Amino acid sequence: MAELTMIQAITDALRTELKTDENVLLFGEDVGANGGVFRATEGLHKEFGEERVFDTPLAESGIGGLAIGLALTGFRPIMEIQFFGFLFEVMDSVSGQIARMNFRTGGHFNAPITIRAPFGGGVATPEMHADSLEGLVAAQPGLTVVIPSTPYDAKGLLISAIKSDDPVIFLEHMKLYRSFRQEVPEEEYTIPLGKADVKREGKDLTIVTYGAMVQESLKAAEALEKENYSVEVIDLRTIQPLDIETIIQSVEKTNRAIVVQEAQRQAGIAANVVAEITERAILSLEAPVMRVTAPDTVYPFAAGENTWLPNAKDIAAKAREVLTF
Amino acid sequence: MVAKKGNQYDPVKALQLIESQFDMVQILNEEGKIVDKDLDPKLPDEELVELMNRMVYTRILDQRSISLNRQGRLGFYAPTAGQEASQLASQYVLEKDDFILPGYRDVPQLLFHGWPLHMAFLWSRGHYAGSVIPDGLNIFPPQIIIGAQYIQAAGVGLGFKKKGQKSVVITYTGDGGTSQGDFYEGLNFAGAYKVPAIFVIQNNQYAISTHRDVQTAAKTLAQKGVAAGVPSVLVDGMDPLAVYVATRDARERAVNGDGPTLIETMCYRYGPHTMAGDDPTRYRTSDVDNEWEKRDPIVRFRTYLEAKGIWSKEQEEKVIERAKEEIKEAIKKADAQPKQKATDFMKIMYKGEMPFNLQEQLDAYAGKESN
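Keeping their order, the protein sequence lines are chains A and B.
Its first residue numbered 1, the first sequence is counted upward by one per residue in the numbering used here.
Its first residue numbered 1, the second sequence is counted upward by one per residue in the numbering used here.
Isolated chain A (complex conformation) (with noise of 0.2 Å):
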């Protein structure tokens, strides 16, 4: 089995579901002959042609219309967003269009839509390049908001996503594309949308957490088990619809929990998250359910990210709190 990068992952899934499926087709700013702004594209436009990978002129709004006619006759749009921070130029083929095609025409039409998008921070972009919008669209009904943490995790879901008949929106961490290898099969596989992941087993805390903070939760379970306390981290993979099942599991279990996010406190899901955890499962807490977060300022100059970004230690530290509470 190779030993691939989330990004290898990511242009692993989409040649699979091109070759699977000639009604696939991707396109978006630079995913040509470019193979993308970070070569998730590479090789793809050589390999399935014009016809089916190809570049658009540079405007998001535009894309998300060019998607839904393209859905509209019966094709299989994946369509890039070269970075989430852009979403606003295409919100309203997002939420106001795409959203709620099946909704809006009663099952008649529908959108099977993948939207891929990096985003996230600590790789010192531009402004309006590393926000953590995710929250945006996991408000809006009618739309599944995926984000992978691992190379094996990208893959699968991607792949989910492609296939799925209603809109996902994938969303690329930037920092994660490179930062790992795992072992990836070559062969087509799926793992659920909608279905969290138990990337770390524990008896006295929860940590429910997606995207880049996976790992970061994952470093502060590892320093919290010298001082003898046994984590759970949870990623949640899929952010909208959440897995609530697996958490109340786990919260039932550990009678502690914690969320952690990138974005700001006031956006993101982790608010989401605790009221899930308190509607349901309020009898089993010995402590209150507390986040870990970025503060409630606009995504910061990239000089200064690494002073906003949550991380390990801050993870640990609110761990302690809870499990001391």
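Derived from the structure by calculation, the hints contain no laboratory data.
It should be emphasised that the depicted structure is a prediction, and the values quoted were computed from it without experimental measurement.
Please note that a few of the clues may not be correct.
What the hints assert, rightly or not - Just so you have them, the derived chain A footprint on chain B, three or more residues with Cβ under 8 Å:
| no. | stretch |
| --- | --- |
| 1 | 21-29 |
| 2 | 121-135 |
| 3 | 150-159 |
| 4 | 234-246 |
Stated by the list, open to error - Pulled from the structure, derived: some chain B residues nowhere near chain A, Cβ distances all over 10 Å:
| no. | residue |
| --- | --- |
| 5 | 46 |
| 6 | 162 |
| 7 | 252 |
For each residue, glycine too, the CB sits at the ideal point set by N, CA and C.
Let chain A serve as the given structure and place chain B on it in line with the hints.
Chain B alone, transformed into the frame defined by chain A:
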């Protein structure tokens, strides 16, 4: 110092040159006379009559819809009187497999493409069953977001092109719609990919209350296609023959692989923007209304057909009676539609499996609804 570039450097002249290319094309004038014999499509008599039938029918539908709205028997309604030629002569050109992406005033084109009238009424009332488009009918429900249909049209056109299907997509917006970013993005994408698309601007002079002159410095809206490299034309939108010819030629170019066309149809809406409280007397004078009513598409077409001896008062009465009868039947059919439940909405959210959160809510609401 500005470098001298000889005669080529004259941005004012360059603009004037472009603008001078967009004189309004008219074939049938206000008096019902053919004024451009070369462009006259010379439609067979039965087709001329059919086009007249549709315009008369739609005028009656408009009058009835307004009164049904006032009686509370219809919901959202955007009046169409004055725009019959723009709407129906452009739709008349289409083949069954062509796709219509409409704005919210474009219900008549959808009806003549095959949308059952009772479904249009259900849509107006805010019942989802109106938008469950019958299989094989290539239309999208009326778009609410101004301009969204333009970018989607580029996609439908690209889909046809990729499938090698000899069909076109036609989409409609108004004068206000040409100010939207999506207007430009849609045209630009369609031009760049050379897709079989027809973009219609029904310039009815007002975006709700804002006059077309406030929208843009451009002398015509048609010229906006030039920047995208899209062939463009301005026609008298109250002249059914001019609209027909422009759309026919655009369709022919599209299916021949020559890409999209932009058509501006100069027209007027006699009624309010919608029936939701708009009062045109706040922004228009009756003098202006009267001026436009002299150009009425039905009046001039009637004169033309009567002179040809192929239209009579009796024929028109028959169409009116048929329209009233069908409207009555469609209202009955719409009334018979079961009321919507919260659980219906949950069931139509996803094509695939219902997610856990919604399933849980469905169970809760189903319990309430069965009480």
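Going through the hints against the structure:
Counting residues of the stretch 21-29 of chain B whose beta carbon lies closer than 8 Å to any beta carbon of chain A gives 0, which falls short of the minimum of three for the stated coverage. Three residues within the 8 Å Cβ limit are the bar, and the stretch 121-135 of chain B against chain A gives 6, so the coverage statement holds. Given a C-beta distance limit of less than 8 Å, the hint that chain A covers the stretch 150-159 of chain B holds, as 10 residues qualify and 3 suffice. Three residues within the 8 Å Cβ limit are the bar, and the stretch 234-246 of chain B against chain A gives 0, so the coverage statement is violated.
With a cut of 10 Å on Cβ distances, residue 46 of chain B stays outside the contact zone with chain A, its closest approach being about 33 Å. The Cβ of residue 162 of chain B does not lie farther than 10 Å from every Cβ of chain A; its closest approach is about 6 Å, which violates its non-interface assignment. A cut-off of 10 Å between C-beta atoms confirms that residue 252 of chain B is not in contact with chain A; the least separation is 21 Å.
Of the numbered hints stated above, those contradicted by the structure are hints 1, 4 and 6, listed in ascending order.
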